[in-house]
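J.: Here the protein sequences come in this chain order: P, E and F.
Numbering-wise (our numbering), the first sequence opens with residue 1 and increments by one.
Numbering-wise (our numbering), the second sequence opens with residue 286 and increments by one.
Numbering-wise (our numbering), the third sequence opens with residue 521 and increments by one.
Be aware that a few hints might be false.
Under the rule of at most 30 Å between Cα atoms (straight-line distance), these lysine-lysine pairs were calculated in the BS3-like manner [as the list claims (entries may be wrong)]:
#1 F/LYS755 - E/LYS321
#2 P/LYS16 - F/LYS634
#3 F/LYS755 - E/LYS449
#4 E/LYS449 - E/LYS348
#5 P/LYS137 - F/LYS608
#6 F/LYS634 - E/LYS407
#7 F/LYS583 - E/LYS348
#8 F/LYS634 - P/LYS69
#9 E/LYS321 - P/LYS16
#10 E/LYS321 - P/LYS250
#11 F/LYS732 - E/LYS507
#12 F/LYS755 - E/LYS490
#13 F/LYS634 - F/LYS527
#14 F/LYS634 - E/LYS321
#15 P/LYS16 - F/LYS583
#16 E/LYS407 - F/LYS608
#17 P/LYS250 - F/LYS634
#18 P/LYS250 - F/LYS732
#19 F/LYS634 - E/LYS348
#20 F/LYS732 - P/LYS262
#21 F/LYS755 - E/LYS433
No lab work stands behind these hints: they were computed from the structure.
Remember, it's a predicted structure, so these values are computed and weren't measured experimentally.
This is what each chain is made of:
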Amino acid sequence: MSVTPFRLPVVASLRKEAIEELLARGLRIDGVRDPFTPRNVRVELGVVEKAEGSALVKLGNTQVMAGVKMDVGAPFRDTPDQGVLTVHAEFVPLASPLFEPGPPDENAIELARVVDRSLREVGAVDLGQLVIRPGDKVWVVWIDLYILDHDGNLFDASMLAAMAALLDARMPYYEEIETGDVIVDHGVKTEEKLPIRHRVVTVTVAKIGRNLAVDPNFEEESVSDVRLVYALDESGRIVGIQKSGEGALKREEVLRALEMAKRAAPVYFKALEEALTPAGPGASG
Amino acid sequence: MEQASEGRILVLPGDPLDPAVDAQPPYVYIDENGVKRAAVPGFVSRRGDRLVFIGLEGIYIPKPGDVVIGLVSGIGVTNWFIDINSPYTAVLNVQDFLGRPFNPATDDLSRYLDVGDYVKVKVLAFDRTRSPLVTVQGQGLGKIVEGKVVEISPARVPRVIGRKGSMLEVLTKETGCEVFAAVNGRVHVKCPNKELEAIVVLAVKTIEREAFTSGLTARIRKLIEEEMVVRGVKS
Amino acid sequence: MKVEGVKLIREDGLRHDGRRPEDLRPIRMEVGVLSNADGSALVEFGRTRVLAAVYGPREPPQKFMLLPDRAILRVRYHMAPFSTSDRKSPAPSRREIELSKVIREALEPIVLTKQFPRTAIDVFIEVLQADGGTRTTGVTAASLALADAGIPMKALVGGVAVGKVEGVLVLDIDEVEDSMGEADMPVAGAPDLGLITLLQLNGVMTEEEFQKALDMAWDAIRRIVDMEKEVLRWKYNVGGDSK
Numbered sequence: 001m002s003v004t005p006f007r008l009p010v011v012a013s014l015r016k017e018a019i020e021e022l023l024a025r026g027l028r029i030d031g032v033r034d035p036f037t038p039r040n041v042r043v044e045l046g047v048v049e050k051a052e053g054s055a056l057v058k059l060g061n062t063q064v065m066a067g068v069k070m071d072v073g074a075p076f077r078d079t080p081d082q083g084v085l086t087v088h089a090e091f092v093p094l095a096s097p098l099f100e101p102g103p104p105d106e107n108a109i110e111l112a113r114v115v116d117r118s119l120r121e122v123g124a125v126d127l128g129q130l131v132i133r134p135g136d137k138v139w140v141v142w143i144d145l146y147i148l149d150h151d152g153n154l155f156d157a158s159m160l161a162a163m164a165a166l167l168d169a170r171m172p173y174y175e176e177i178e179t180g181d182v183i184v185d186h187g188v189k190t191e192e193k194l195p196i197r198h199r200v201v202t203v204t205v206a207k208i209g210r211n212l213a214v215d216p217n218f219e220e221e222s223v224s225d226v227r228l229v230y231a232l233d234e235s236g237r238i239v240g241i242q243k244s245g246e247g248a249l250k251r252e253e254v255l256r257a258l259e260m261a262k263r264a265a266p267v268y269f270k271a272l273e274e275a276l277t278p279a280g281p282g283a284s285g
Numbered sequence: 286m287e288q289a290s291e292g293r294i295l296v297l298p299g300d301p302l303d304p305a306v307d308a309q310p311p312y313v314y315i316d317e318n319g320v321k322r323a324a325v326p327g328f329v330s331r332r333g334d335r336l337v338f339i340g341l342e343g344i345y346i347p348k349p350g351d352v353v354i355g356l357v358s359g360i361g362v363t364n365w366f367i368d369i370n371s372p373y374t375a376v377l378n379v380q381d382f383l384g385r386p387f388n389p390a391t392d393d394l395s396r397y398l399d400v401g402d403y404v405k406v407k408v409l410a411f412d413r414t415r416s417p418l419v420t421v422q423g424q425g426l427g428k429i430v431e432g433k434v435v436e437i438s439p440a441r442v443p444r445v446i447g448r449k450g451s452m453l454e455v456l457t458k459e460t461g462c463e464v465f466a467a468v469n470g471r472v473h474v475k476c477p478n479k480e481l482e483a484i485v486v487l488a489v490k491t492i493e494r495e496a497f498t499s500g501l502t503a504r505i506r507k508l509i510e511e512e513m514v515v516r517g518v519k520s
Numbered sequence: 521m522k523v524e525g526v527k528l529i530r531e532d533g534l535r536h537d538g539r540r541p542e543d544l545r546p547i548r549m550e551v552g553v554l555s556n557a558d559g560s561a562l563v564e565f566g567r568t569r570v571l572a573a574v575y576g577p578r579e580p581p582q583k584f585m586l587l588p589d590r591a592i593l594r595v596r597y598h599m600a601p602f603s604t605s606d607r608k609s610p611a612p613s614r615r616e617i618e619l620s621k622v623i624r625e626a627l628e629p630i631v632l633t634k635q636f637p638r639t640a641i642d643v644f645i646e647v648l649q650a651d652g653g654t655r656t657t658g659v660t661a662a663s664l665a666l667a668d669a670g671i672p673m674k675a676l677v678g679g680v681a682v683g684k685v686e687g688v689l690v691l692d693i694d695e696v697e698d699s700m701g702e703a704d705m706p707v708a709g710a711p712d713l714g715l716i717t718l719l720q721l722n723g724v725m726t727e728e729e730f731q732k733a734l735d736m737a738w739d740a741i742r743r744i745v746d747m748e749k750e751v752l753r754w755k756y757n758v759g760g761d762s763k
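Go ahead and model the full structure; you've got the sequences and the hints to work with.
T.: Following this line, the structure appears as structure tokens:
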């Protein structure tokens, strides 16, 4: 059962007015950006050596870590010739006073499912290549999203972390033995990358008062009625949408949000690319 | 909007209304462009020079001064909890009921009013932030000890009363029963005998079901007359 | 569930069930179908059959859930175990948890919750048979059940899913089109107010396709909400001329 949130942070009405009034003038409460620009974003790869792939994304003060683990398992009955992709999100209690220990709540489940669909529907990972023996043994790819610090817009940070960890991942060493079983040695990474066909990011646009803004921070989210999450691939196709939150949108707002999302998406793609090609000053090894 | 019989117009949630329609929330609301709209199904009809809104569905919200029929649903240390067929459970304090100081050591509240008893009360105070407070101090208020209480939708109560009490008159005149239709959708029926009580209960249920059809008063009069013959209380 | 060998768009341009791309399935709506609930409705889109019940406003069992300035909404979307080809476990799945949230958020903008502080309004949606479009059929049924219960609302809402199969945008997709198609876009909203209250896309669309799909959905939602109004008029014995 889904229940209207009843333990929300109290935002002073003066603060709410300030956020709305600034936005009406094309300004943001966190200072240096306009309604079209995401916060500073940084993607770091390989942050957990024991994972097949990992990434840490910092989007403003929001931090999300993603880990990719792989194992051999059985395919789903209706897709015997495809590997399995699974996304989970944990709202770790250390990330926010609002997070409680326990099984994933509806927000965590929604987040994981939106990331999952955005990857799945466009075939971002070529699951057809992750088959060891059709109908019997395939690779199972787990993406675990770990929210470490919640300062708003968990969708975009999580999507970026998931995508980065997938691109960072290397297949573990494995071999088939005489009994037909497959032995995986997670301690040995091969040079083989995951078959990634498309890069996908999400851009979240929040409606605050009567105005729209991309990448809302926590305070902006707290006073926003509704958010629209657009998943876009590198060619600009829409590969997923999720309206989230208690408000409603007019048709023009939906389309304006899409334009804003398309305009902001390159920022995230660039952050991803920079992480993958460490070069220039400040890059390590 | 749909034209209906008797010059009424049926409106449904979201339908724009004539700004002159005399109605308050929760039946109507004003949208962000200043347009008055229906919030529940209702009829808009003309009464003299006024346009009135008659809600077809309704939820009883207590108002100070309302006389309602409550059902005792729980007993506290110094009060009863009264179900008044509303989202909000009412509170009746023991001092109010007993009219004297109260000793929890010797007074057993359930001896005066027990769970399951009907009680006729008046709403003293309610502001939606605390439970409504009710009283039995007043003419005709207190525990209901005889007769029957029929539950109907609060939105149908005006029909049971009728214009200037016309329907109540039909229900009581021939039968000799007393009928009190409380705004919270509970109708107390008190009759000389069980047969007559059954007839009036049937009539009230029929009014609820056919509330918004035309010629209802005449049909109810006929129903009562026929039933009285059938049940042998009138030849 | 994969169904092999079904041509989703036939040579004559019609869909596998004979509909044109812009056709809805046969729709049936009924209000007041349950005796205990304060409001209820049964809505069918083709073989998809969804029951909705509304209870409240009432005091919630747990007082800590209360909000001082408005009613809370509690919404459950649930599929009956026999509603699908393979039996569905009655325990709530991750999908059902997400859809309960998405449907609640489709109703929040239109229910006048501020009228009933400190109470809960419960909306229970049971999918009796699933053949595509269950969440939007659920929103439609919930809208009727809320009106039936007399819960004050800004407007009626309706919903429908637009899909893309073999490159063609099609309205009101069924299960076969959903599982084999390239996209499924559920939309719900209140045409009286021009508000979209539910929007999801599972699949891939270009911007042009998205705009067209949105317009197709919106046009259909108008028709669906008109049907809701017709059904409610009949309830009060003032239906139109279509006997």
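J.: Between E/LYS321 and P/LYS16, does the CA-CA distance stay at or below 30 Å?
T.: 28 Å, holds
J.: Hey, P/LYS16 versus F/LYS583, does the alpha-carbon distance stay inside 30 Å?
T.: Roughly 28 Å between the alpha carbons, so the hint for P/LYS16 and F/LYS583 holds.
J.: Are the Cα positions of P/LYS250 and F/LYS634 separated by 30 Å at most?
T.: Status holds; Cα separation ~22 Å.
J.: Between the alpha carbons of F/LYS732 and P/LYS262, is the straight-line distance 30 Å or under?
T.: At roughly 18 Å apart (the allowed maximum being 30 Å), P/LYS262 and F/LYS732 satisfy the hint.
J.: Given the hinted pair F/LYS634 and E/LYS407, is their alpha-carbon gap at most 30 Å?
T.: 25 Å, holds
J.: Holds or violated: F/LYS755 with E/LYS433, Cα cutoff 30 Å?
T.: Holds, at roughly 29 Å.
J.: Tell me if the straight-line CA distance from F/LYS755 to E/LYS449 falls inside 30 Å.
T.: 27 Å, holds
J.: Given the hint that F/LYS755 pairs with E/LYS321, does the C-alpha gap stay at or below 30 Å?
T.: 24 Å, holds
J.: Is the straight-line distance between the alpha-carbon of E/LYS449 and that of E/LYS348 30 Å or less?
T.: Roughly 21 Å between the alpha carbons, so the hint for E/LYS449 and E/LYS348 holds.
J.: Are the Cα positions of F/LYS634 and F/LYS527 separated by 30 Å at most?
T.: 50 Å, violated
J.: Assess, step by step, whether the Cα of E/LYS407 is no farther than 30 Å from the Cα of F/LYS608, and give holds or violated.
T.: Given pair E/LYS407, F/LYS608 is violated - Cα atoms ~51 Å apart, limit 30 Å.
J.: Would the pair F/LYS583 and E/LYS348 pass a check requiring their Cα atoms to be no farther apart than 30 Å?
T.: Measuring from Cα to Cα gives roughly 23 Å; hence the hint holds.
Hint compliance for this structure: hints 8, 11, 13 and 16 are not met, and every other hint is.
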